[in-house]
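Protein chains in written order, with the numbering used here: chain A, 234 to 464; chain B, 462 to 1199.
Keep in mind that the hints were calculated from the coordinates and are not lab data. Take the hints with a grain of salt, since some may be wrong.
To be verified - In the EDC-like style, the derived pairs of lysine to aspartate or glutamate whose C-alpha atoms are separated by at most 16 Å in a straight line are: (1) B:LYS464 <-> A:ASP334; (2) B:LYS689 <-> B:GLU705; (3) B:LYS464 <-> A:GLU444; (4) A:LYS320 <-> A:GLU350; (5) A:LYS301 <-> A:GLU261; (6) B:LYS487 <-> A:GLU444; (7) B:LYS487 <-> A:GLU404; (8) A:LYS413 <-> A:ASP364; (9) B:LYS522 <-> A:GLU451; (10) A:LYS307 <-> A:ASP243; (11) B:LYS582 <-> B:GLU917; (12) B:LYS685 <-> A:ASP389.
The model shown is predicted, which means the values in this text are computed figures rather than measured ones.
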Amino acid sequence: MTENITLTIDGQQVSVEQGTTLLKAAQEIGKDIPTICFHEATTSNALCRICVVEVEGQRLLQPACIVKAAPDMKVQTRSERVMRARKTILEMLASTMDLSDAPAILTMMDEYGARAERFPDAERREVEVKDDNPMYVRDYSKCLLCWRCVQVCASDAQYTFAINFNGRGYETQIGTFFDKSIPETTCVLCGQCVAVCPTGALKPKREFLLEQGMSPNEISVMNTGRKRRKT
Amino acid sequence: MIKPDRIVTTTCPYCGVGCNLQLHVKDDFIFKVTSPFDSPVNHGNLCVKGRFGYDYIYHPKRVTTPLVRRYLLEGKPKPEGREQVFAVSKDGKPIEHSQISNLWDWVETDWGTALNITADKLVEIYQRDGSDAMAVYCCAKATNEDNYLLQKMYRAIFRTNNVDHCTRLCHAGSVVALQQAVGSSAMSNTASQVIQNDVFIVTGSNTSENHPIIALQMKEAVEKHGAKMIVVDPRRIDLVDFAELWLPLKPGTNVPLFSAMAHVIVKEGLVNNEFIANRTEGYQEFVESLEKFTPEYAEKISGVPAEDIRKAARLYAKARNGAIYWGMGISQLSHGTASALTLIHLAFLTGHIGREGTGLNPLRGQNNVQGASDMGAMPYHYPGYMRVDNEDNAKKWETAWRVEPGGLSRKLGLTTTEILSHAHEGGVRALYIMGENPMMSEPNLNVTREHMKELEFIVAQDIFINESGAFADVFLPATPFAEKEGTFSNTDRRVQRVRQAQTPRGQSRPDWQIICDLALRLELRLKRATVKWDYSDPEEILREMASVNTDYAGITYQRIEKVGLQYPVPTMDHPGTPTLFKESFPRGRGKFIPVDYVPVKEEPDDEYPFILTTGRLLEHWHGGTMTRHSALNEIYPEARVEIHPADAELHGIRNGDPVKVQSRRGEIVVRATVTEKTTVGVVFIPWHFAEAAGNLLTNDALDPQALIPEFKACAVQVFPARENELAHPDVMLQRGRY
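All chains, full assembly: derive it from the sequences and hints.
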């Protein structure tokens, strides 16, 4: 038997099982804390920080997706400091990446009054679309580095380990080892990564082609050609 | 961003795992496939086939108009020399450059003409040569409803039990063994229970490629739940990376290896006496039969060190929850039944059955091979595994189908392999093939080809003209999974819904509608009426079947609207049965059936020094009718033969070189993959590729009880060949994972 823990979230008492995250505890009393990198099917790593909350007695804001509820904790999910942090996170995201395929984040920006133009001098991450296999395309201009794709490729689902973070700091990008094309890696093309991508950076090839204006008929005849051996 | 018009929840048409799919449809076109993360079967995970491999339904070569041969349309006598024809005549004009008579040309027609011609010919042959001349291949890819109706058509109208499907080529050995020893032939436990095992054996199954989602759960069991996996396989398959022990046995030596494990378990006193006493029979004789199967004896035959056999036996026997998962490497042998029995013995000795996280788990290949078997698409059984030679069973179905008493045949029918070997004057004359491809899936295809030519009349009901359909007289265009309603039953007996996502292309029709339409025309000609063929929807078909087959009695479409039910579901309020045999076995006590070691029928010799074993690839499916018409073919476009580096060096073969692989029955030219994935003396060929069909080489020796062919071991020779001997020298396979 695990013992229950009682804590206070936005002035309301809630009792949860030991080991419950603040995110889940808040959900139990109907308080939705916004998330971006969090996914039910992947391990949480608190990368995006959009879920931060203020915990009394803690110097720093705490990411609700990984911080566990503790006895008598006092949590504020929408304090001024929290709201300002979330707004800034959204503005920084919007200044460096293409959010056009992430409607949930765009809605969040409206809600928090985040202005995409707050950091006019920020350098946008613009990368060419990688279209190197017949199943899915990778547009890392739309990638916010949430890590979900890397995790499902690794031990959250597939145990294939075909992709990881490449580079450091601002240059960090998801990629294959030695930047090889997808078919040349250990990738099994299961598309688990596509399924968990929150921003449309990874996309099924046929959806991509449809967006490019090709008709279903044109797409259907595309896949009948064979790749030829280079002579 | 594309906003879907609708998202349709359905079941994957590929393997037996039965993953839940969501098809995202825009303008009647599926542009994306996802899976719900709370799905009980696959937890949101899919493989490349399930997520991306559905595009064959849009392939330009898909046939969506009924076709008949010109001779039939013009009412001319059948010309000589049946040959494969893949091309369809344009606007009825003769096919240019046809090597044979233009009377064999495929000509487009309407449904009325095609079905009338089919009905006329089938009735003519039936009235002339009787029931024994009629035979049908049902289809493990089609729905339960489709299969139920097709076997009903042949049993109720043509009064024959010559009904079978590809289960014969797949798990027949396991089915017979389980029927004999246990009395039921499905997976005893739920696949996702693998995380509850603490020791499990995977044998004869390259799970990562053939049941990819179950393999993920196996890896999870090892990595996150501390389970220990024992892999028994002649190939160093992907799962070996996660295994505690790998026993690389010589193909076809399962019996001595697993009997030796049983020997160790008995000799070291690791048996579960209580289970043996309460739940089994025949133990004493069985123990006597084990005497000769010492680990040292097994080592001599299988090549696996005796010490490893001992380790494996101890691990499995001492487990709290042990389980066995197996595939075709057990059943596709001329002693497939014996081979499966040795696994059953291990479970009986240790009592690793009848509880959650244990079990005897044959991993069924096709999306609906379990269902097609349940539906009676087999020559000895009505739906629900009711023997056809049992008077009570026959009477039940006579009542259900309103056939006059004594009308249904009590004679056991012919199996898949027998149907073709009986294709001659006085034998089988007409063959109806729904969705199967014997010209790829039978062993020793050169002989199969001659049998196909011997047939008088062939109906193909499919979505493409595949290697078998190319021999047919009539082609009836059916719809694929995304254009019909129905149910599939997956490998762990879960009955799940299949739903229509888009309108049928061209004139194609769901299989069940084609069968009903044809059946009515047949009955009109025979001036005979059974019930019934005017169903308003597929659920009515399922309910009719479930009225006699009690395993399905409590299943309605409404009950499986969101989550499938695992049969037996005997009543409307029964929650389904995730784990079988908790109290007893269907036959009462589990029966130990002593077996002896019989070697494979063709062992390597000086002339043919290699053992060829065949199998499948992640990217392809069986005869390739679907996957070779998909983008999947781009990522794996050619057959390869795997050969061990030591053997390759000896024969002067480098990676990528063209080689000729030859057996006593045929030869193919393919590129070599030099890899330690195979073992010394063993070569491996995937059998999906028509231009280099592995089954031209395989041996058509049969298991005497299950009549399953020996796909997993035959003798071959490998020689260097020239580039221009390859079917497609310019095709490129460039993959990192192989």
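Going down the list of hints, with the structure as the test:
no., hint, verdict
1, B:LYS464 <-> A:ASP334, "holds, 11 Å"
2, B:LYS689 <-> B:GLU705, "holds, 6 Å"
3, B:LYS464 <-> A:GLU444, "holds, 10 Å"
4, A:LYS320 <-> A:GLU350, "holds, 12 Å"
5, A:LYS301 <-> A:GLU261, "holds, 14 Å"
6, B:LYS487 <-> A:GLU444, "holds, 11 Å"
7, B:LYS487 <-> A:GLU404, "violated, 37 Å"
8, A:LYS413 <-> A:ASP364, "holds, 12 Å"
9, B:LYS522 <-> A:GLU451, "holds, 14 Å"
10, A:LYS307 <-> A:ASP243, "holds, 8 Å"
11, B:LYS582 <-> B:GLU917, "holds, 9 Å"
12, B:LYS685 <-> A:ASP389, "holds, 10 Å"
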